[in-house]
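J.: Listed in order, the protein sequences are those of chains A and B.
Read in order, the letters of the first sequence are residues 49 to 379 in our numbering.
Read in order, the letters of the second sequence are residues 49 to 379 in our numbering.
Please keep in mind that the hints were generated in silico from the structure rather than gathered at the bench.
Computed from a predicted structure; not experimentally measured.
You can trust all of the hints, since none of them are fake.
Simulated restraints, written as ranges between beta carbons of each label pair:
#1 B:Asp79 x A:Asp317: 31 to 41 Å
#2 B:Arg247 x A:Pro154: 48 to 58 Å
#3 B:Ala99 x A:Pro160: 29 to 39 Å
Keeping only pairs whose Cα atoms sit at most 25 Å apart, straight-line, the calculated DMTMM-like set for lysine to aspartate or glutamate is:
#4 B:Lys82 x B:Asp94
#5 B:Lys82 x A:Glu366
#6 A:Lys318 x B:Asp172
#7 B:Lys82 x B:Asp211
#8 A:Lys216 x A:Asp266
#9 A:Lys216 x A:Glu252
#10 A:Lys82 x A:Asp172
#11 A:Lys82 x A:Asp72
#12 B:Lys318 x B:Glu265
#13 A:Lys82 x B:Glu366
#14 B:Lys216 x B:Asp133
#15 A:Lys221 x A:Asp244
#16 B:Lys318 x A:Asp317
#17 B:Lys287 x B:Glu265
#18 A:Lys318 x B:Asp317
#19 A:Lys53 x A:Glu201
#20 A:Lys216 x A:Glu265
#21 A:Lys82 x A:Asp317
#22 B:Lys318 x A:Asp172
#23 B:Lys216 x B:Glu257
#24 A:Lys53 x A:Asp191
#25 B:Lys318 x A:Glu366
#26 A:Lys318 x B:Glu366
#27 A:Lys221 x A:Glu201
A virtual CB, placed ideally from N, CA and C, is assigned to each residue, including glycine.
There are 2 protein chains.
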Amino acid sequence: MTSAKYNVLGIGNAIVDVLSRVEDSFLSQHDIAKGIMQLIDEDRADALYAAMGPAVEISGGSGANTIAGVAGFGGTAAYIGKVRDDQLGEVFAHDICATGVSFNTPPADDGPATARCLVLVTPDGQRSMSTYLGACVHLSSRDIEPGEIAAAEITYMEGYLWDPPEAKQAFLKAAAIARGAGRQVSLSLSDPFCVDRHRDSFAELIENEVDILFANEDEIKSLYQVSGFDDALQAVRGKCHIAALTRSAAGSVIVSGDEVHVVEAVRVDKVVDTTGAGDLYASGFLYGLTHGSDLAACARLGSLAAAEVISHIGARSEANLRNLAQSADLV
Amino acid sequence: MTSAKYNVLGIGNAIVDVLSRVEDSFLSQHDIAKGIMQLIDEDRADALYAAMGPAVEISGGSGANTIAGVAGFGGTAAYIGKVRDDQLGEVFAHDICATGVSFNTPPADDGPATARCLVLVTPDGQRSMSTYLGACVHLSSRDIEPGEIAAAEITYMEGYLWDPPEAKQAFLKAAAIARGAGRQVSLSLSDPFCVDRHRDSFAELIENEVDILFANEDEIKSLYQVSGFDDALQAVRGKCHIAALTRSAAGSVIVSGDEVHVVEAVRVDKVVDTTGAGDLYASGFLYGLTHGSDLAACARLGSLAAAEVISHIGARSEANLRNLAQSADLV
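Can you make the complete structure from the sequences, with help from the hints?
T.: Encoded structure:
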């Protein structure tokens, strides 16, 4: 195996977030389920946007947030995702490249616009997301460069990729290349409803293709259709090399073979916006894993990055993650 | 005079801000003068954007920020400004309409893209702005609807409008209509370098057309080419009905005929980003003026809104200005 060009290469839905603060009543008026991600079509996106208050546009996309975070820690990183050749596509490309991530997926020159996620943040800091996938439906196997995948220690993919049909093929192609090259494959389950949509495929994938799994409590319980966290933990044990299970303020639990590590969350003064918490947890964890940290230290790096991102609006880190990690004696 | 449909109608350069945090060294490396606004062409905008870190897109434009703030206080407001029919133009239109402002200027369907302002925020909270005027150069007299101007108690215009040549004509047309309808005309000097570019025109305009003038200390000193604030204050006295002169943390001074009011600034815990301070001061002042407040109370409303906007990133208020004003017993 040649030396790696990237610590982590991520594949995901390339999305610009459109964030706005709302009262809880807005969610019920517009039939939006709180705290989760729903897929919407263009008409619904237009109608919801028209009803929303003033917004802020920030690059997002679950996998892209993770990869930008890996680069923020000082890791080498690449990203594959599909935008359109429009202004929001340029914004997305600028922002991820500006963090030092290698991003070369050609934008679509026709078809739907760059994807956007209408993120409604309620006073409790919870975010409810309505995603119009737009150009993401054009991500295909042709966008997977075998040389790039083989050059990454870990190929990381978001579960949301299973929503656009062609992207799923891209996902499977990338996983096969990574494994063929002796590299590792990592999956984030993304969201309990995403798990609902693709439960059997995910379970099979985790057994056969995934080395490192990220899931929060609701997602892992949904995957194995169990009601307790411990049952979920026992169910996932042995299915993949490492499972990193996050539990919001209760921290995270890492399961790897016979090892189990329970790691506390990093406290924040005020939770402003939980968007990106899971994404940034994965950033810290994957950075640690590719830089010789033990599993507990990986989890602490994850918690550190998650704490940073929930203390402000937006799902990309604002602080210098490398400096934070150094201050916490984690690198 | 018929009853007014709007408290305030604003005319300005319709701009989307692209905000990014930088160290001071970035400004010197890229030859950017700190704390002011510079006009740049498209090539320079592209080059600077490529060099900048990840950014956040938020609707801006000095006059638009003011008008959004008037609506935020609960005032009736309209805005005239030119965007292109592109994604950032849609963002601008959405955000200003979502605050309750009437905005009906047709977007340009060819020519340059919607204007953007690259706002670089240094660790001290100061903002240095590089503006590519884009579609704003197409604002013209044809965009001034006489009925709308005549229906506004105050027509408010930003000095920056004198930069694009056709917009200047629109500005003069609007001022003439407002005065002809027995309404008031208000001008913000925008920026000391903007004053430098248009000093004689501004001085003449203030004497002949302007009822309510907004200027900060640097701008009013530049206008009259004096070195002391008191000299500037004496120079402006009598030139227009009301001059509201802002002095950052030192508060503001209102001059009207023989009256002079010195009003303290509202303290903020931490200045995060000074973008929009002057714009929001004008919001509060104009809201007060159209709702029967005395001049000192107008200035306090202005200070309240300015304090809110400098306590977070972006030049549009995040908090509910009406609630803030009620808590402060100002409405």
